[in-house]
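Spelled out from the first residue to the last, the chains are:
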Amino acid sequence: MARNIFILFLCSALPLFAGCSGLIAEYESGNMQNRDGNPYGKIINTSESASAGSLLVYTGGDVTEKELSDAVVQALGEGTRAERVFSLSSGDIETSRRYNLHRWYQVWLPDGTDVGRAASELSGLDAIQKIQFNTLMKKASDCRSFPAPTMMTRAGVKQAGAANFNDVYLPYQWHYHNSGDKTIASTAYAGADINVKDAWRLTAGDPDIIVAVVDEGVQSDHPDLAANMWVNSDEIPGNGIDDDDNGYADDIYGYNFVSGGQVKWSTDGNTGHGTHVAGTVAAVNGNGTGVCGIAGGTGRSDGVRIMSCQIFDGFEGGDVATTVKAVKYAADNGACILQCSYGLSAGSVASDGSYAEIYGAERDAYLYFMNKSNCPEVMDGGLLIFAAGNEGAAMSAYPGAYNEFISVTSIASDGLPAYYTNYGPGCNVAAPGGEYNTGAVYSDYSMVLSTMPTESLQQYDETGKPIPGSFSATDYGYMQGTSMACPHVSGVAALGVSYAKKLGKHFTREEMVSMLLTSVNDVDSRLLGGQKQIADGAPVQMHPYYKNMGTGYIDAWKFLMQIEGTPWLTARTGEPNSLDLKAYFGDGASAMTFLGVDISDEDMAAIGLEEKPEINKYNGKLKLTPTKAGAACMTVRAIAGGNVTGGGDAIGGMEISKKVSVISRSVRSDNGGWL
Amino acid sequence: MKNILYPVLAIFLAFVCAACSKQDSAPSLDISGEWHLVSAGDLPMASIDVYVSFGKGTFDLYQMLGEGRYRHYGGTYSVQGDVMTGQYSDGEPLGGGSYTVSLESDNSTLTLIPQNDPDEISVYEHAVIPNEVIGNAIETKSLIDNERRML
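As they're listed, the protein sequences go chains A and B.
Per the numbering used here: the first sequence = residues 302 to 976.
Per the numbering used here: the second sequence = residues 24 to 174.
For the record, the hints were derived by calculation from the structure and aren't laboratory data.
These figures come from a predicted structure and were not determined experimentally.
It cannot be assumed that every hint is accurate.
[As the list claims (entries may be wrong)] Distance condition first, Cα-Cα at most 16 Å in a straight line; then the derived EDC-like pairs of lysine to aspartate or glutamate:
(1) A:K960 <-> B:E90
(2) A:K806 <-> A:D681
(3) A:K929 <-> B:D140
(4) B:K79 <-> B:D53
(5) A:K806 <-> B:E90
(6) A:K929 <-> B:D65
[Unchecked claim] Listed below are several chain A residues computed to face chain B (Cβ distance under 10 Å; list not exhaustive):
(7) T590
(8) G866
(9) A884
(10) I964
(11) S970
[Stated by the list, open to error] Derived, one-sided and incomplete: chain A residues facing chain B with beta-carbon distance under 8 Å:
(12) S967
(13) V968
(14) D971
(15) G974
(16) W975
Ideal Cβ placement from N, Cα and C applies to all residues, glycine included.
Chain A extracted, bound-state conformation (with noise of 0.2 Å):
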């Protein structure tokens, strides 16, 4: 009995010990991770993709920098400096402390240092309380670009749609107006595009308005976007000297991050991935040539205005040091809108509550960015907007999933979800991305069609070898990923905001924010049963992406619409009803989960309501049973994207709310006529 005890504890121990040799080696590597994904003691990430020159690390109270510059050469020898990440010569310095921007540091290591052994030594400094690996993100593209139709094949290819401008490419950007045409795709459907013909009509951008695009550089001189360029008009090009004592020489489109100065973007390795984005989101509209951006304007310098952020230049940048020192610069300089096709890898990170402990200075940088007001005629706060990623992921990657940032899936010609789209928790709301294999056959058509750097760039596979004879397309191709949707919110985003300068109006960043993920056309009825065709694949299933693509793919008319306005619900006096919420959560209400309806005594007072409001959670419908004339407002709280809100242990939607007006009156239609 007694042996067999012992065995039995021989047997129990053996993994025990396996494991505890294991967590040795994973804390020497930094690897080492707790089951909820949080690594052990200060080191607060892992070394997996992370950047081998340095280390971010998180102080305790206000040690300056020299301080800890000795204290880490005293740790890791010579050649090791520190230095703040985040300049505080600049900006709002108060803000800076407030998200604690201040404590952040950026530790350089000498060539050939083992960054988990480095780590590992910095956990034993007093005045270090985190230490965070230095992780790389990726473009959420897989960066092969095609041209655009020449004018042999262009008349192959019907115009998608009337337009408002004369940018000859303006007929091949199904995603902004898709008619449907079968030489897109063969399964194309109308309609699935931003719908911002119309909204062209009563905005195309405010010059005011500036949109960061944290990316590869964009081409600040191509002849589609030049005209949209941010300018730092207090910076002499060129000088290598900081004019405006913002922290950054020559920093006139944008800075580059990743190797100082001006912004680059035909560098070896480069890919024309950012001036694609820029393109989207403003390519300067009515001139002629190219293609029409979202909130390009009308040719008359009145687009909104393009910042590049640079984070990745050629092979180097993307790590996490570098995309915050652009967050932060940003919001120093003016963006109201910050557009980030980037991203970590899906499920890497498990929730919120882990995002904000293992990537705290990334948070942070974003959290400065969201509640700086640079519209503040407009908007308080700015507006985050991620790609959602292309693992084809049950989940959204993050940055782009955390509760308070905008995360955004793709979907193809068809209307449907792309390939290779993530969705579900996290996700917010849908755009057009592109999709090369839509409806069974290979087609450069049925992706997005955008400006591309002026020069050919070597094109290189996914291990980083250059593909023989394969160049990026020039001025201006084809992409497709959610990197090329993410874009397209970004842009009716942009266009939404200047609207409402236009008008005078002036909202909450919550309420701009509700107000864009309404603004949606449903998704969610084409995906219970079917299937779609894609071009050497298995049929594709679509009911795995049911209530999992987030609200609805974005509409741009809707969103000005919302902006001018919500129609007020008429509800009959005297009897139960039952009121669509399209209007206030866009077309794919019946399928959203609500939280609930919140009214104060007053307002039941005045409908005479003798219960509280509620919503039908089987078709989203608003039920309630006034007694008598009157006209009552209540808040409506609903998750945009899934059934469980985010944040804390939870990754998940965004809880949004409107404020729904509702009359009650006997005379009722039912389309909504007065009489």
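Got chain A sorted already, so can you dock chain B onto it with the hints?
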């Protein structure tokens, strides 16, 4: 021949008599013109703005309830005596069923009382519908079908 003539004559006389008897009843009110809603029972008017134009058997309604843009509805109507009936162009009946209509002696004010709620007395005054209301209105399904985008 006589056998045919008498019945035809009888039918003709019957029509004539019927027409005479109609002419004897109260004349139908002529509510044609452009009107602007100024009150609607106890409803708060702060966010309600309605214009209606009654033409020859058709109406055009422009309403703005809280939103930032007028919506345009169209339909047909008729007035028999002082009772107005009608329907929207999409076939939807008027929400009030039928309406009792009355006009001030100088035709400056039109009052509509819905059959299904005598308390919601709507008072309209003569007013020219501004061009910007008409020009910027959203067309509703009562006017255009199969059109997703409307301006």
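Hint numbers contradicted by this structure: 7
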